Structures are given as C-alpha cells and as structure tokens.
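Undergrad: Here is what each chain is made of, one letter per residue.
Number of protein chains: 2
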Amino acid sequence: MVKLLRINMKKRQYKFEDLKPEYTMLAGRALTGKIMLDEVEPTCNPLESKNKIIFANGLFVGSTFPCPGRLSIGAKSPLTGGIKESNVGGLAATRMSHLGLRAIALEEAPEEKDLFVLVISKGKVEFIKASELKGLGNYETVAKLMERWGDKIATLSIGPAGEMLLAAASIAASDLAGRPSRHAGRGGLGAVLGSKKVKALVLLRPEEPEQEPVNNLEEFNKIMREFIKILIPKKKALTIYGTAGLIGITNEIGGLPTKNFRFGCFDKAAEIGGERLYNIIVSRHGKPTESCLPGCVIRCSNVYVDQAGHYITSGLEYETIALNGSNLLIGDLDKIAQIDYTCDNIGVDSIEMGNAMAIAMEAGLVEWGDADGVLELLREIGEGTIKGRLIASGSTTAGKVLGVTRVPQCKGQGFAAYDPRVFKALAVTYATSPMGADHTSGPAIAGRTGWDPQKNYGELTDSEGKVELSRELQIMISICDAFGFCYFVGPDRGVMEVVVKALKAKFNLDFSFEKLVQYGKKILQNEYEFNARAGVVQSNRLPSFFYEETLPPTNKKLDFKPDQLQKVIDFVKSP
Amino acid sequence: MVKLLRINMKKRQYKFEDLKPEYTMLAGRALTGKIMLDEVEPTCNPLESKNKIIFANGLFVGSTFPCPGRLSIGAKSPLTGGIKESNVGGLAATRMSHLGLRAIALEEAPEEKDLFVLVISKGKVEFIKASELKGLGNYETVAKLMERWGDKIATLSIGPAGEMLLAAASIAASDLAGRPSRHAGRGGLGAVLGSKKVKALVLLRPEEPEQEPVNNLEEFNKIMREFIKILIPKKKALTIYGTAGLIGITNEIGGLPTKNFRFGCFDKAAEIGGERLYNIIVSRHGKPTESCLPGCVIRCSNVYVDQAGHYITSGLEYETIALNGSNLLIGDLDKIAQIDYTCDNIGVDSIEMGNAMAIAMEAGLVEWGDADGVLELLREIGEGTIKGRLIASGSTTAGKVLGVTRVPQCKGQGFAAYDPRVFKALAVTYATSPMGADHTSGPAIAGRTGWDPQKNYGELTDSEGKVELSRELQIMISICDAFGFCYFVGPDRGVMEVVVKALKAKFNLDFSFEKLVQYGKKILQNEYEFNARAGVVQSNRLPSFFYEETLPPTNKKLDFKPDQLQKVIDFVKSP
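So the protein sequences, as listed, match chains F and P. Residues 1 to 575, numbered by the working numbering, are exactly what the first sequence covers, in order. Residues 1001 to 1575, numbered by the working numbering, are exactly what the second sequence covers, in order.
Heads up, none of these hints are tricks.
Have a look at the derived ranges for each label pair, beta carbon to beta carbon:
1. F:LEU375 <-> P:LYS1010: 37 to 47 angstroms
2. P:LYS1010 <-> F:THR24: 56 to 66 angstroms
3. P:ASN1456 <-> F:MET25: 51 to 61 angstroms
4. P:LYS1010 <-> F:TRP368: 20 to 30 angstroms
5. P:ASP1563 <-> F:LEU37: 11 to 21 angstroms
6. P:PRO1562 <-> F:ARG379: 35 to 45 angstroms
7. P:LYS1020 <-> F:MET25: 54 to 64 angstroms
8. P:GLU1383 <-> F:MET25: 56 to 66 angstroms
9. F:TRP368 <-> P:SER1131: 23 to 33 angstroms
10. P:THR1550 <-> F:GLN13: 19 to 29 angstroms
11. P:THR1550 <-> F:GLU39: 18 to 28 angstroms
12. P:GLN1564 <-> F:MET25: 34 to 44 angstroms
Hints are computed from structural coordinates only; laboratory data are not their basis. Since this is a predicted model, take the numbers as computed values, not measurements. In this text, a Cβ means the ideal position worked out from N, Cα and C, and glycines have one as well.
Okay, chain F solo, but in the shape it has when bound (with noise of 0.2 angstroms):
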C-alpha cells in the first residue's frame, strides 16, 4: 500500500505511514489541500514552524496514462496568504511513487540554522547537514548532489532565493537528463521549503522499483493506447513549437502582455515567437523537442542552447517568454532565454519575476527593454541585494515598496501571460481561483473556447458564457492536478470520460463523469475553505485599470461585476 512519509524537521523524525482510509484516493492537489485543511492552521505565519508543505503525486503515476506524473506541491503560500498548490514535471513523482510513496508532508522547522539535505530511500530517510551548499543555484545545488549519490537520482531543491525565504522562490525538480529546470513555480512554496531548512530532497532509485497495482491491467492498458493514439496528433503544434508557439496565437488576438499590460500587441512577436525558437535550436543542434516528466508523449519542453552549441537553459515556456519579453519590451531570444536560466538557477518564479521588472521598470530601476539590466537585478537577488530581495518577494511587494499601483495581480500573485480584457475565461479565472491569478487554475487560452464540444461558450474575447467556462475548466482542472496528469492532456470532456475508465481498470471504481465532477469540487471547496479561514477574502476584483483602461489594438475592457463572479464560487460550492 502506498505510504505517506512524514519528515519533522525540528525533531529529526519521521514515519512512514498508511494513508487514512480517508485520504486512499485523494492525490495530487485533492491531496495536498486535503492535509492542508486538516492539520495546517490557517492563521499561521507561512514561514513558520506551525506550516507544512505536501509532496504529493497523481493517481495514475507511474501507469501508461499520458503525462502522469507531475507531482503537486502544497503548502501555505507566503505569497497569497492562501493555500496554495502548483504542480511540477521531472522525475520527483514517478521517483516517489517507485519508492512507494503517495506523498512526503514535511512539519515543523529546525530550531537551529543548519541548512539538510534529506536523502530518502526506501524505509529511511537521512537528515544530511548540508553547509556547503548554502548560498548555491540549484544547477550547482544538483551538480554537487549527483557527485556524492550518484546522477540516478531524483531531486527537489531550493537556489538562494528559497533560502532567503522570499515569496516569489520556487521549487526545482530536476528533469530526466538531470537538470534542475522544472520549476513548482507559483506562490512561493520554495520560501516554505527554505523555513524548514531544505536545500533538497533527494529521492535515491530503489533497486526494485515498486509499481502500484493496477485490477485490470490489460484494459488499462488498452485504454491508454487508443487514447494516445488520438492525442498525439492533436498535440503536434505543442511538439514542434512548445508552448512558445502561443505567443504568435496570443499576439495576433491581441492578448499578449505587453509593456506592463498596457498593450496586446508586441511589434517583436515575432522575433520571440514559436517558430524563431524552433529555428534558433536546430540551426544551433540544441533540442527544440524534449519530455518533460515520464510517460510524457506531447514532449512540449526543449533545450535552447548558444551560437556554439552550449546549454543555456532548457524548458523555454511561452510564460517566461512573454512576460520577460513582450512584457518588459525585450525582444531577444537569447536574453530571454539568460533570463530563464537565472530565474531557474537563483530558484524563483520566472512568471513572477517578469511581473516584478515590469514594476521595476515603471519605477524605473530598469529601462523598458534592457534585458541586461534585468539579469543584474536577478544576479542581485542570489547577492541578496535589498533590491534584489525586493523583486523576489514579487510583484505586489515591490509595487508597494516602489510606490506603483498599477500592478497586475489577485490575491497578491502576479498575472501569468494572458491579459484579461481579451481572454475573458482567463479574467474569471484569475479574479476567482482561489490560487491567485493562476492560468493553470482554468485555462481558456487561444483555440480553446470550451471543454466540451456540445455546449457554446460565445467568442473567446467576449464576457459571455466565460463565468460558465471558467468555473467548469477550473473544476476540470482541479481533476488534472489531484490524479497528476498535465493539462495539456487536456481538461477535456472526452478525457475525463478517459479517465473514468481508468479508474474502473485501475481500482476496479464505478466512477461516473457526474462523480467525477463532485471530486473536482469538493478539492475546491476544501481551498476555498481553507483561504476563508486563513483570511484570504474571496474578493472577485481585478485590479481597476483592467476596468478603466482598453487594451490596444482591439480596445477591450472588462466589465466583469464582482456578483457575477461570485457566481463561480457558489455554483462550485453547490451540492
């Protein structure tokens, strides 16, 4: 049976234990939230002893299911005041799930200041003071661990932002090559994992790997198959191009954020778009396709290299893109692509960051433009500069400290790259996710005006029918991150119904769509309840000059009332 393992860092202990029959089939981000609203107090400091912080992977880890194996990462966020769950590719979850674990809930925090390494194999875990390693990046964080146990392993690490406990740090997982470029990005969990003091976790291979038991193994199988067969070639654009071939998409729409949401159009789109990133990898032999995690058959992540054919960084996504792109008007690849490697290395947010430089920026601490200007300031945060420290405690800090308000954000966390007067869906989501302003959270993002092919949303950019789709896709979406499968499989009716005849062949479940649904809810309700205890109002708003100011070039605005977003939050709350 798949064990919980819980570390107490301030104690030095830990315990492998059985799942309560309560929890056997909540994972992923039902999981993570689940723990949250059971034993963390919703008042507590985020960066003291009293928070913990959920490890957790997906249902079908592990199994034949398409991209099954991203592990949710939950905790009290330091960002948002909320709870707080993101979820991240590489190998940490299938590594867990092969070491028999469902989840790893790490409690209390170490009174003293040494800095640990836990070494988790299969029965044990060692407590491995790690000074040597304070202060490094997570690419020489992951070096120096592969050196002395060995380049099988999986890790979780923190860079110096982490350690410096500020809100916007991240969480690296490494890759399947190895690399520390997988980031649980949002709502500053790895400022969490940093109060306990862990620079990593390192997760050892098992000379025999265990496999949770599937009833009907054949049928699962089969199922799978067929399922692939179809996804594949629906997913070609997302192989080829990555998701950086969204930014030609959301350009032309008119919904790219750029110069700090003021305009949706960026005369250098093209310059940073999909198709002049395939170009600039295979001129250069770099990898423009690569998986990210095991089991993964859309392969939208890649490996951007220099002119001489040396690594830079890898995993280029179209958030990081746009928002230090188009965002902060930088319209160079390579820069961005520096940038990335950074915000990965130093351990923060890359989404965050590109919302903090653009308040640099109106504060004028940075040109418009000057991407070196923003790697200074990202090298200042590992220096832990007051400056540097200011832009990774994220955007709605350094617009408070730096005296600007225009400042794109809810609950305290910044946008990610779709301005909401043109994806209307997106404006709902971000408005009322209990995450913040998580596109993950409820993604209707070009091409995709609905999750089911028998209902009508209305046009992408228009209000209508958006509260509607919002509220389904995030209820979907919630489903995706509780059985650990990427969303870009797709928060689809046809895989959903996939996903009940998973659960019949796996478990032997009678599921129904219609159950399926309740799961979904009931992992937001349990969000929504926990962010009302801790304080975290359920306010609806974006900020105003979403609603004051149009978007050039198609002048949009949003006019979104609050009660009509509550419409959201009631209807997931309904029986």
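Dock chain P against chain F, hints included.
TA: Just chain P, lined up with the frame of chain F:
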C-alpha cells in the same frame, strides 16, 4: 448646521453638504467609519482613486469639555488593508469647527502628477498647485505655507513618505505653536493623502469663527468646571513627566519592549525615562509641559531642545521613546529626540519605524543600539532609496523582504510599546481590534486595571479577566474617539457619566450609559463589517513567538486561545 465638505480631487470640485439625518449624531471615528462603510468599496486598492480619506471632528469640539479637539482621520489602510482611524491633536479639528465643518471627505485622485495644497476657508476651497513643495519635509512645508498664508493657519500635511505612497506614512497636524509635530501616525494614512496628490490642507482662520450651539450653555460649563477640577489632580504625573513617565513603570513591571520584544526590561531605562526627560528639558530651558490642542488641561506634551537651547522636537512621547529606545537598545534621549524629529519631518509613524528598525537590526542592516545608523536610514526614506522605502513600508513588509519572521504585528501593523505577555489586556486588544496592534484601541496600561471601580479584572499581568477588560475598553475608547476627546481624559465609567450629562446639556439628548455603550459597539460593528468585506480576517492571533517564548525577567508568555479571544468580537456584535 455643521457641514460635510466633499472635495473631488479628480474634478477639482467641492461641495458643502448638510449632514444626512442619520449622520447628525455621528462624529470622529463613528463618522469616518460610517462614511467608509457606506461609500468606499472595501476591496479597493487603498492607494487608488476609489479610496476616500475622511477628516472628522468630535461632538464636543470647541466646547469646554476637556481636551475636546482631536481629529479623526479615516481611510482604508495601505498598511493593514482594513479600515483605519487614527486621531491626532493639534489645531485642525478646532479650526474645522470654526469653519462650520464636522468633516471633510477627500475623494478620487487627479490623473496628472501635480501636487496640490487645498486652502479651505468659509464656504470655499482653493486648489493650489504646489510643485515647489514636492519632496519637502513637514517642517519646511509648513514654514512655506505660513509664509504665504500667515502663521494663524492650521495645517494637515505629508512629508516625502506620503508623497511616495509608503505604507507607514503619517499625516502631520500643526500644533498650537504652528509646528507639524502632532501625527496621525498609524495605518499609513499619509500615503492615502499622497495618492490624492494633496501635500497639505490649509485651514484659514475665519473672521467670525462659528460656534456649535449648546442647548444649555450654563449647565454644560458648570458640569465641565466640576469635571475638570477632579480631572487635573488625577493627571498630575502626566502633566509633569508626560507619557515618558511610563518608561519607569513598564520597565518595573517587565513589559518594556527591549531588543525587538526579546526582554521586558532595559538596563538603560532610567536614561530614557520621564524623570530624566524632565530634568534634561528643564536644565536646557525647553518646555517640559505643553498642550497639544485647544482646551487641553492635561498638557502631557513637551518641547525638547539641545544643550544650546535649540529646538530638536516636540511631543516626545512614551511610544516613540520605547520603540526607538529600549526596543533598539538605544539609551540616549538626545538621539531619540532626533529620531522623533526626523520621523515627524519625513512624515512616518514613529511607532511603525521603531518596529521596522528592529527588523532592520535583526537583518543586520543596522547594528543594535546604533542610533546614527537609524538616523541615516530614516534620512534614506526622505531620499527615496530602496532601503529607505522598504523601512517606510512598515515592519511586516520589511520582515517579508528581509527574511525576518520575528515581526511583532497584528493585521500587518507593528506593536505599540507594551509587551503583550505582560500587558495581558493589550494582548487581547492587539489581537482583536479591527485596527491592528493599536494600544489606543483598548489600553490597559500601567496603573489601569479596569475602567469601572465596581468591577474586578484581576492582576494587570494575569490573563484572567482581560478578555472582558479589553472588550469593554475597546467600546469605551471608541466613544472617546467619536466624541473627539483625548483618551487621557479617560475611557472610564465616571467619564462616560459626564458624557451622558454633557449630551443632555449640549444637544438636549436623553442618553443613558447603556445607550452610550450601544453607540460604542455600533462603531466597532461597522469596522468589523468593513474589514470582513475587505477580507481582513479576524484571526484573533498574535505572532507565535509570544506564545512560545517566555519574556525575561518575569518569564511570562501568552496563553489566550483564538476562540477565547473571539468572545470579544461576539460580545461586541451582540445586540
């Protein structure tokens, strides 16, 4: 009839309105809170145009009631995110009454970058562009205003911190000698005024001052003569030593904040105490005692001069001395007086600064006890450096950015100068007040073990009885704040009985003590309601280290449970 002056800063228009019938008996904090609740969108960004800032005087302003001229200033706070009322002495409230004004409501904000001075005379408001005042400290600002409009004006002004929208910015009120030394310090209201682009309000002296009618003037004055006769001898210690006399007492009890609330005693307490302050001032021919507002009979203020007899500061008070003295391990009154002056001039709350400087010391930016380092950092606020801006954003934000979790705060506002482990009723007030950690919201300080001689609330430093004491004091104080009299007159049963008689004599109103309590409860109920809508949680918690660490030398700690403290709220909300 007294008027409400509405000033729209976007349109540069104004209107003298009659008070709505339901506002007639509302004044001070009761009125600022009610207007906020009725008119301000609770989830608005406090520094954007939808916030309002309300100046309201009390029901007894301009009368012979002792110390009746405090001005309540209310807005949504950029520090706490909730409702705020901060009241201040000086000349402004009395001058407003002479101009026939109960209140001024500043609404919206200019779209341009110009800075304004609002010159208010009878029936008229002038909007004067004032770019020459940009960046000036309060002292120089008021000197320039007096050059132009004469030394009989009353002013309300902000320093550079308010202009920079920093969350610890204060609003200075000129005192009876025309010095901007009285501050509405708490909650960052100076930033709200700055967001309206108002550098100062200048209240001209009318040729014929208006006088609110008193129904039975002879009776009113007779009640007051008798009251004042009893009051003056009771306040003798305050008159001689000012509030600084508290240093010796809180040190003796073991609740004087020392080294960021690590200790309850300071080895140099005598060097910063009331007697020492008195002796220095007398020996240098300063003023050991002074009124801060018209009609003050207590005169706890002072004028502090250097050895050559030159002015350093005025109104040097206990809170400033303790938080910038013992709490920072600074044992030198000359330095503390300079810190006080610098805070007043830059326009920042000296309480919040004492807390924020302790955070800077925790982070190693300034050495413990280094007064010159503190002064240098205060000057950096005026210069607008990142470090300066960070400190003037308050202790909570400073802690967040500097990675310091030991922040004594509630609702994001730093503690007043009473350790809650010893001053148990203040623990309850800090945790439960809608204002955050204000001592004035419900003060049970040295000597005050109750407010009603017929009731017993146990020993000052015991938890027993303190939930009841705090909730009752919070109600009494809200009455003082609404009626505009200084809380040193006393939130006592005896005083409330005088208030009942005064209401009869002035307004021919039949109030009872019980009805007065209902009036006070309603003020708090409105504030809870605003906060609930704004999403400021009533968590009833203090930072965890007050529960976990004992306080030397008494070795006391906190043991209140959140649900025990919730009784305060439940009681106030009860009919």
